[in-house]
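J.: This is what each chain is made of:
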Amino acid sequence: MKNTAPETVPFWLDPKKRAIFFQFITLCVVGLLAYYLISNTIHNLKRQNIATGLRFLDKESSFEIGESLISYSAASSYGRALIVGALNTLYVSSIGIVITVILGTFIGVARLSTNWLVSKLAAIFIEVFQDIPVLLQLFFWYAIFYETLPSPRQALHPLPGVFICNRGVAFAVPKADPAHGYMAIAFLAGCVIVYLIRRWAKKQRDKTGRLFPVFRVSLAILIGLPFITWLLAGAPTAMSTPKLVGFNFTGGKSFSPEFIALLLGLVLYTAAFVAEVVRAGIQSVSKGQTEAANSLGLRPGMVLNLVILPQALRVIIPPLTSQMLNLTKNSTLAVAIGYPDFVSVANTTINQTGQAIEGVALIMALYLIFSLLTSAIMNWYNKKAALVER
Amino acid sequence: MANAIQPSRKEEIKPPVVHVGVVGWIRKNLFNNWLNSLLTVVTVFLLLKTVPPFVRWAFIDSVWNTPAQACRHATGACWSIIPHNYRFIIFGFFPYNLQWRPLLAMIMLFVLLFFSQNRKHWKKSLAYSWIAGLFIMGLLLKGGLFGLKSVESTQWGGLVLTLLLSVFGLTAAYPLGVVLALGRQSKMPAVKTLCIVYIEMIRGVPLISLLFMASIIFPLFLPEGVTINKIIRAQAAIILFTAAYIAEVVRGGLQAMAKGQYEAAESMGLNYYQTMRLIILPQALKIVIPPTVSILISAFKDTSLVVIIALYDLLKTTQTVLSDPRWLGYSREAYIFVAIIYFLGCFSMSNYSRKLEKELSRGD
Amino acid sequence: MDKEPTAPAGQGLSQELIIEIIDMHKWFGDFHVLQGIDLSVHKQERIVICGPSGSGKSTLIRCINRLEEHQRGRIVVDGIELTSNIKNIEKIRTEVGMVFQHFNLFPHLSIIENLTLGPIWVRKTPKKEAEETAMYYLEKVHIAEQAKKYPGQLSGGQQQRVAIARSLCMNPKVMLFDEPTSALDPEMIKEVLDVMIELAQEGMTMIVVTHEMGFAKSVAHRVLFMDSGQIVEGNTPEEFFENPRHDRTKLFLSQILH
Numbered sequence: 018m019k020n021t022a023p024e025t026v027p028f029w030l031d032p033k034k035r036a037i038f039f040q041f042i043t044l045c046v047v048g049l050l051a052y053y054l055i056s057n058t059i060h061n062l063k064r065q066n067i068a069t070g071l072r073f074l075d076k077e078s079s080f081e082i083g084e085s086l087i088s089y090s091a092a093s094s095y096g097r098a099l100i101v102g103a104l105n106t107l108y109v110s111s112i113g114i115v116i117t118v119i120l121g122t123f124i125g126v127a128r129l130s131t132n133w134l135v136s137k138l139a140a141i142f143i144e145v146f147q148d149i150p151v152l153l154q155l156f157f158w159y160a161i162f163y164e165t166l167p168s169p170r171q172a173l174h175p176l177p178g179v180f181i182c183n184r185g186v187a188f189a190v191p192k193a194d195p196a197h198g199y200m201a202i203a204f205l206a207g208c209v210i211v212y213l214i215r216r217w218a219k220k221q222r223d224k225t226g227r228l229f230p231v232f233r234v235s236l237a238i239l240i241g242l243p244f245i246t247w248l249l250a251g252a253p254t255a256m257s258t259p260k261l262v263g264f265n266f267t268g269g270k271s272f273s274p275e276f277i278a279l280l281l282g283l284v285l286y287t288a289a290f291v292a293e294v295v296r297a298g299i300q301s302v303s304k305g306q307t308e309a310a311n312s313l314g315l316r317p318g319m320v321l322n323l324v325i326l327p328q329a330l331r332v333i334i335p336p337l338t339s340q341m342l343n344l345t346k347n348s349t350l351a352v353a354i355g356y357p358d359f360v361s362v363a364n365t366t367i368n369q370t371g372q373a374i375e376g377v378a379l380i381m382a383l384y385l386i387f388s389l390l391t392s393a394i395m396n397w398y399n400k401k402a403a404l405v406e407r
Numbered sequence: 033m034a035n036a037i038q039p040s041r042k043e044e045i046k047p048p049v050v051h052v053g054v055v056g057w058i059r060k061n062l063f064n065n066w067l068n069s070l071l072t073v074v075t076v077f078l079l080l081k082t083v084p085p086f087v088r089w090a091f092i093d094s095v096w097n098t099p100a101q102a103c104r105h106a107t108g109a110c111w112s113i114i115p116h117n118y119r120f121i122i123f124g125f126f127p128y129n130l131q132w133r134p135l136l137a138m139i140m141l142f143v144l145l146f147f148s149q150n151r152k153h154w155k156k157s158l159a160y161s162w163i164a165g166l167f168i169m170g171l172l173l174k175g176g177l178f179g180l181k182s183v184e185s186t187q188w189g190g191l192v193l194t195l196l197l198s199v200f201g202l203t204a205a206y207p208l209g210v211v212l213a214l215g216r217q218s219k220m221p222a223v224k225t226l227c228i229v230y231i232e233m234i235r236g237v238p239l240i241s242l243l244f245m246a247s248i249i250f251p252l253f254l255p256e257g258v259t260i261n262k263i264i265r266a267q268a269a270i271i272l273f274t275a276a277y278i279a280e281v282v283r284g285g286l287q288a289m290a291k292g293q294y295e296a297a298e299s300m301g302l303n304y305y306q307t308m309r310l311i312i313l314p315q316a317l318k319i320v321i322p323p324t325v326s327i328l329i330s331a332f333k334d335t336s337l338v339v340i341i342a343l344y345d346l347l348k349t350t351q352t353v354l355s356d357p358r359w360l361g362y363s364r365e366a367y368i369f370v371a372i373i374y375f376l377g378c379f380s381m382s383n384y385s386r387k388l389e390k391e392l393s394r395g396d
Numbered sequence: 340m341d342k343e344p345t346a347p348a349g350q351g352l353s354q355e356l357i358i359e360i361i362d363m364h365k366w367f368g369d370f371h372v373l374q375g376i377d378l379s380v381h382k383q384e385r386i387v388i389c390g391p392s393g394s395g396k397s398t399l400i401r402c403i404n405r406l407e408e409h410q411r412g413r414i415v416v417d418g419i420e421l422t423s424n425i426k427n428i429e430k431i432r433t434e435v436g437m438v439f440q441h442f443n444l445f446p447h448l449s450i451i452e453n454l455t456l457g458p459i460w461v462r463k464t465p466k467k468e469a470e471e472t473a474m475y476y477l478e479k480v481h482i483a484e485q486a487k488k489y490p491g492q493l494s495g496g497q498q499q500r501v502a503i504a505r506s507l508c509m510n511p512k513v514m515l516f517d518e519p520t521s522a523l524d525p526e527m528i529k530e531v532l533d534v535m536i537e538l539a540q541e542g543m544t545m546i547v548v549t550h551e552m553g554f555a556k557s558v559a560h561r562v563l564f565m566d567s568g569q570i571v572e573g574n575t576p577e578e579f580f581e582n583p584r585h586d587r588t589k590l591f592l593s594q595i596l597h
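Protein chains in written order, with our numbering: chain B, 18 to 407; chain C, 33 to 396; chain R, 340 to 597.
Be careful, since some hints might not be right.
[What the hints assert, rightly or not] Some chain B residues close to chain C (C-beta under 7 Å, calculated; not the full set): (1) LEU54; (2) TRP133; (3) VAL135; (4) LEU153; (5) THR349; (6) GLY371; (7) ALA373; (8) MET381; (9) TYR384.
Since the hints were made in silico from the structure, they are not lab data. All C-beta atoms in this analysis are idealised placements derived from N, C-alpha and C, irrespective of residue type, glycine included.
Using the sequences and the accompanying hints, generate a full structural model.
T.: Below you can see the structure in the form of structure tokens.
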């Protein structure tokens with residue numbers, strides 16, 4: 018066999034060099050395309066006399082916003098308007114997420130019930146609310162408000178202190194009282210105490226094997242401490258009830274039709290998906306696990322806590338967080354029914370300033386931050402909870 | 033053997049009556065323990081409180097095909113809004129006497145879909161039928177050839193537009209999504225980074241922001257004097273959006289492929305393109321059919337968002353009917369009708385997907 | 340460590356070399372998996388490589404058809420130098436056939452399609468001719484009646500025989516076997532080994548990584564023992580099993596021959 022010295026490989030035959038060449042071409046194409054689009058855009062913006070840059074954020078907005086968590090008026094800046102919008106988004110999303118998780122879990126468990134009636138009803142709920150677009154659901158609930166519900170003078174009065182009419186839902190809340198502040202502090206103190214008790218109880222269990230009724234004691238403390246504080250502060254029971262004044266209700270806490278319709282639509286739609294996620298998670302734990310735990314003599318509560326839940330949660334949490342993110346992204350549909358969320362406010366801003374690119378970029382940036390944060394937390398959770406495998 | 037014990041013919045003993053039949057079923061499924069009994073009672077009570085009033089509103093007191101005036105006097109549902117307006121709701125602004133064309137196109141679509149259900153039909157001839165079918169459907173809508181009168185795309189609307197956006201959306205997004213998924217798996221850092229940035233960005237933002245982009249910003253990208261009509265722009269946004277989700281789903285399929293498949297193909301001397309086309313993609317894409325159908329269902333529902341950029345899809349035509357003073361105030365009936373259409377579409381697709389998943393996991 | 344063991348004379352082997360490996364090194368990151376491999380394989384020679392897991396034996400043969408890339412030294416197959424030149428790599432891959440531990444048949448293609456894939460797409464053979472060749476080799480491995488079936492319907496032993504036929508359809512000059520029977524149930528090992536023996540008797544050049552010492556004794560020209568990335572010793576089967584020279588070899592043999 019000839020003893021050939023290794024030849025130098027021409028670059029079009031060397032996989033590594035070909036890869037570099039291919040990437041170079043790709044970047045060039047993408048770069049050229051970007052250049053073309055950007056130069057057209059700059060030209061068009063100039064032609065239509067549209068400003069660029071973020072200086073508009075300081076200008077006066079001159080539009081009102083229907084509901085806001087912080088003070089705002091038409092004299093406030095666009096920047097402040099956008100903050101109001103973002104806070105509204107967070108507000109409706111957080112409340113939505115809490116209710117959805119509770120409702121979704123309940124329906125998911127109901128779907129697995131041995132009671133045929135309950136299980137079938139849950140299945141119908143899941144199927145119906147998953148298969149109708151969320152925007153349509155929003156429009157439907159909103160239409161219920163302005164077409165079906167009566168005017169404030171004939172408002173529905175299902176429970177004492179609760180009024181439902183086409184201007185929204187109003188209900189009685191306790192009047193503001195310094196005692197509430199103390200109760201909040203008591204609750205937080207209770208949380209700290211519960212945490213310390215759990216740690217102590219675990220140490221006790223490791224040392225002596227005796228089990229301390231942590232759950233019951235924690236519940237007692239979390240309810241009891243605020244309750245005792247309330248008693249000590251004079252047991253204030255004054256409520257602020259909604260009263261019909263002129264054409265609307267004042268007093269108490271009220272939610273606008275836009276808010277309720279948005280919340281209802283988002284919650285019912287997302288809960289249907291969460292129910293499926295919960296159901297799949299519970300079913301993913303094989304029956305053998307329960308059987309083995311029972312054979313060891315563990316009580317049902319412990320079986321659930323120590324064997325079923327940890328495994329089920331591992332399967333449930335990732336898709337659950339993705340549903341939470343979907344709810345937040347779907348809250349952008351608020352623009353269609355007039356609830357002033359971030360997209361809604363940004364839309365008005367774009368219409369008034371004409372600066373569409375900055376506006377849409379801000380919208381994308383906000384939701385990208387939500388998404389990336391959620392992904393990061395998800396990755397951290399997955400690493401922590403991953404089953405160790407060979 | 034003579035002494036073998038003969039099994040005597042025993043009387044067949046039947047289980048006790050309360051455990052079989054209707055009674056048995058009720059006992060087992062509704063009342064088998066105290067919790068379930070309580071639940072059954074509470075549920076039946078709640079149903080009795082809500083269902084009869086609804087039935088009365090929807091069926092007993094309702095009117096079905098009367099002029100608008102009669103609706104005002106009815107206490108029940110005014111379903112007449114549908115028979116009087118269904119052509120606008122379904123076909124939008126398409127010229128009245130030419131509506132046989134979109135109708136024919138929709139029938140073709142449903143026939144193709146129905147035929148594609150059966151996996152035994154999944155051959156090359158099916159793919160060709162689809163391509164031909166899509167072309168004919170486009171022709172029926174646009175006109176301009178073969179003696180068909182031309183119809184501007186601004187007149188396409190209603191269910192026709194919804195189906196158009198979903199079907200063409202998914203068809204175009206699919207190859208783009210596959211390319212993105214392959215790019216994301218690539219070892220070349222530039223390509224991989226570009227694909228990851230695209231996929232994560234698109235998946236992280238709400239569809240509505242992309243529709244805003246299509247509506248307001250795409251025109252800025254074009255040189256002076258060039259315009260592309262809004263439907264095409266919205267379609268492009270839907271395609272770009274759906275492609276990112278398909279890419280993630282296909283990536284799952286690619287990652288599920290055993291490394292040995294790549295190695296066997298390599299050791300035979302197949303190049304990258306041949307390996308992907310002949311060995312990897314046929315297997316990976318088949319594995320991810322159920323999640324892909326799921327994306328199709330979402331795309332179908334998401335087309336409703338074009339309402340917000342004032343395109344006349346199924347939802348907006350319905351709202352237009354509701355803004356007619358004659359039919360003002362019957363949103364519930366109209367929305368329920370539209371909801372039923374969406375429900376039928378999505379339900380049949382998700383049912384099919386479940387059935388398919390069962391078949392595929394059995395290894396058929 | 341012995342310098343590269345020469346082919347024993349008088350075995351009727353041609354002195355023509357089909358594979359030459361010269362001072363080959365490979366690292367996985369910091370791990371020096373192959374440390375200075377020297378190996379010459381003659382035409383029609385049959386070599387069995389054995390050794391503990393992690394010794395680098397699979398990596399060695401995977402370097403020959405570039406499933407792994409060597410970082411130092413030279414590999415020459417049938418006169419073609421194995422470098423990063425993809426034309427060379429593709430040519431070498433058509434000359435070298437590989438049989439995997441886990442068969443790696445393509446589950447979405449029928450048996451006959453598995454076999455005709457390579458010839459049609461790489462050697463550009465017309466379909467009819469490819470199918471005739473495929474049926475010929477399926478006959479050879481005694482599995483012709485399963486031609487229309489799919490891999491999932493066959494047993495492990497049948498799948499591995501199909502895998503051997505698939506490689507043979509490309510008309511290779513060398514066949515590499517990476518632990519071909521390790522994933523098989525015991526009752527199926529014999530059918531695969533029988534096919535490999537028949538192949539050997541027809542004069543195929545074979546490099547086999549395996550623990551099947553019976554096979555080594557019956558058909559191998561040389562048995563090589565690898566440990567920690569080096570070829571520790573190599574000899575004819577008789578010499579290798581009767582008179583192992585190194586302590587590591589003796590230890591290994593005592594562990595597997597029980």
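J.: Now tell me if each hint is right for this structure.
T.: Each hint tested on the structure:
At about 5 Å, the closest approach between the beta carbon of LEU54 of chain B and any beta carbon in chain C falls short of 7 Å, and the interface hint on this residue holds. Below 7 Å, beta-carbon pairs count as interface contacts, and TRP133 of chain B has one with chain C at about 4 Å; its hint therefore holds. Checking VAL135 of chain B against chain C: minimum C-beta separation of about 5 Å stays under 7 Å; hint holds. With a cut of 7 Å, the hint placing LEU153 of chain B at the interface with chain C holds, because the nearest CB-to-CB distance is about 6 Å.
Hint status for THR349 of chain B: holds, given a least beta-carbon distance of 4 Å to chain C, under 7 Å. For the restraint placing GLY371 of chain B at the interface with chain C, the shortest Cβ-Cβ distance is roughly 9 Å, beyond the 7 Å limit, so the hint is violated. Given the 7 Å rule on beta carbons, the hint for ALA373 of chain B holds: about 4 Å separates it from the nearest Cβ of chain C. A least Cβ separation of about 4 Å between MET381 of chain B and chain C falls short of the 7 Å threshold, and the interface hint therefore holds.
Given the 7 Å rule on beta carbons, the hint for TYR384 of chain B holds: about 5 Å separates it from the nearest Cβ of chain C.
Comparing the model with each earlier hint shows a violation of hint 6 alone; every other hint is respected.
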